[in-house]
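Asker: Residue numbers (our numbering), protein chains in the order written: chain B, 1 to 209; chain G, 1 to 209.
Please keep in mind that the hints were generated in silico from the structure rather than gathered at the bench.
A few of these clues could be false.
Since the list can't tell identical chains apart, any single copy or any two copies may satisfy a pair.
Here are the computed lysine to any residue pairs in the SDA-like style, where the Cα-Cα straight-line distance is at most 20 Å [stated by the list, open to error]:
#1 K141 x M28
#2 K141 x R122
#3 K44 x D149
#4 K44 x R154
#5 K2 x K120
#6 K2 x D46
#7 K120 x G23
#8 K44 x D150
#9 K120 x D46
#10 K120 x T85
#11 K141 x N129
#12 K208 x P80
#13 K120 x W182
#14 K141 x G163
#15 K141 x L3
#16 K141 x G126
There are 2 protein chains.
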Amino acid sequence: MKLYDFELAPNPRRVRMFLAEKGITLPMVQVNLRHGEQFGEDFKRDNPAMLVPALVLDDGSLLTETMAICRYFEALQPQPPLFGTTPREQADVEMWSRRAELEGFLAVAEALRNSVERFKDRALPGPRNYAQIPALVERGKSRARAFLDDLEARLATHACVTGDAFTVADITAFVTVEFAGWVDVKPAAHHTALQRWHAAIAARPSAKA
Amino acid sequence: MKLYDFELAPNPRRVRMFLAEKGITLPMVQVNLRHGEQFGEDFKRDNPAMLVPALVLDDGSLLTETMAICRYFEALQPQPPLFGTTPREQADVEMWSRRAELEGFLAVAEALRNSVERFKDRALPGPRNYAQIPALVERGKSRARAFLDDLEARLATHACVTGDAFTVADITAFVTVEFAGWVDVKPAAHHTALQRWHAAIAARPSAKA
């Protein structure tokens with residue numbers, strides 16, 4: 001088993017934090033996305049989706065998608081549980097993970113990839129090229145700001161995103177908040193609950209993974 | 001417990017198919033999205049996210065997000081398993097569910113919501129308004145066609161999306177293929193594996209749910 005990783009990219013960071021919380025280590029192969037290493041022939045042979053993170057299993061098959069990789073390790077090693085345990089907790093983790101991704105993470109990615117020169121014709125990740133759409137930059141930032149507001153409202157009454165327990169939804173939301181800084185969307189002074197939560201997660205050893 | 005549903009919309013259909021496969025029935029409340037019933041004060045009180053499907057639990061709390069609702073019922077009633085059983089199966093279901101959603105379903109939604117008059121200023125679902133971006137129409141269709149090609153490649157070697165067993169990934173991919181028809185993206189004559197798979201799922205009783 002080996003994990004294709006890139007230290008500077010937010011999705012691989014989610015996987016590294018998840019593994020650190022589980023205490024799992026595995027061989028990592030760095031793919032420098034800023035140098036275009038995902039387009040190299042060697043990498044494409046292993047990983048036709050040209051995505052990072054990507055987990056190559058011992059039979060040579062490929063697992064892509066951050067959350068699929070995390071779920072694989074959750075199933076292999078359930079402790080500590082990061083996807084909830086009761087039906088309600090599991091559902092809440094799924095709901096908040098998705099909200100953090102669809103409303104937060106993807107909005108930030110949209111603002112970034114449609115504005116930065118190095119993503120010209122690469123406005124979406126994956127094997128196909130798509131041109132940048134300038135109108136998505138401001139919309140992405142606006143959506144990211146709305147997500148921070150929603151996260152603040154949630155964290156005003158909950159210690160962690162889904163309740164008292166730290167879960168993978170906190171990892172996704174935390175990495176999203178950090179990622180939002182790349183497009184100059186930052187927690188505001190009145191986001192006090194969000195800042196308390198952010199500081200608590202930043203202090204976990206996994207935040208350095 | 002009650003489920004807010006709208007018979008004509010694709011996400012609620014995914015939940016209805018899932019429940020039908022499980023043999024679960026529960027009270028449904030129709031919210032006619034085409035008549036703007038999601039903006040009504042009664043609905044917003046229960047469901048500030050203004051989304052359908054939405055599950056109101058017995059304690060009055062709200063579960064949104066199609067996949068969170070499905071996972072809730074999977075946890076409550078594991079048989080028949082629709083999210084995989086082994087770690088590898090669970091990971092594959094997650095990977096393919098996400099690919100079907102992010103690369104397929106969201107692309108179709110993008111093409112539809114940015115082109116149709118009734119979604120003017122409602123280019124994204126939820127409580128906030130966003131203007132249409134015309135450039136997303138063609139990009140959405142192009143991505144949806146690419147998804148059909150990828151699905152064909154996968155189904156050429158697998159009976160169902162994740163292998164031999166029917167899972168929630170098939171539900172999402174099936175509803176996505178039907179939804180793509182709304183923006184005139186349809187399986188091509190050479191998508192023979194996809195058409196074989198589509199016909200098999202269309203013949204399941206749950207496809208009528």
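Asker: Against each hint, give a clear statement of whether it holds in the structure.
Answerer: Comparing the hints with the structure gives:
| no. | hint | result |
| --- | --- | --- |
| 1 | K141 x M28 | neither (32 Å within a copy, 36 Å between copies) |
| 2 | K141 x R122 | both (19 Å within a copy, 17 Å between copies) |
| 3 | K44 x D149 | between (39 Å within a copy, 18 Å between copies) |
| 4 | K44 x R154 | between (41 Å within a copy, 17 Å between copies) |
| 5 | K2 x K120 | neither (30 Å within a copy, 46 Å between copies) |
| 6 | K2 x D46 | within (11 Å within a copy, 46 Å between copies) |
| 7 | K120 x G23 | neither (38 Å within a copy, 49 Å between copies) |
| 8 | K44 x D150 | between (38 Å within a copy, 16 Å between copies) |
| 9 | K120 x D46 | neither (25 Å within a copy, 43 Å between copies) |
| 10 | K120 x T85 | neither (43 Å within a copy, 41 Å between copies) |
| 11 | K141 x N129 | between (23 Å within a copy, 14 Å between copies) |
| 12 | K208 x P80 | within (19 Å within a copy, 40 Å between copies) |
| 13 | K120 x W182 | within (17 Å within a copy, 30 Å between copies) |
| 14 | K141 x G163 | neither (27 Å within a copy, 39 Å between copies) |
| 15 | K141 x L3 | neither (31 Å within a copy, 32 Å between copies) |
| 16 | K141 x G126 | between (22 Å within a copy, 16 Å between copies) |
Going through the hint list in order, the structure does not satisfy hints 1, 5, 7, 9, 10, 14 and 15.
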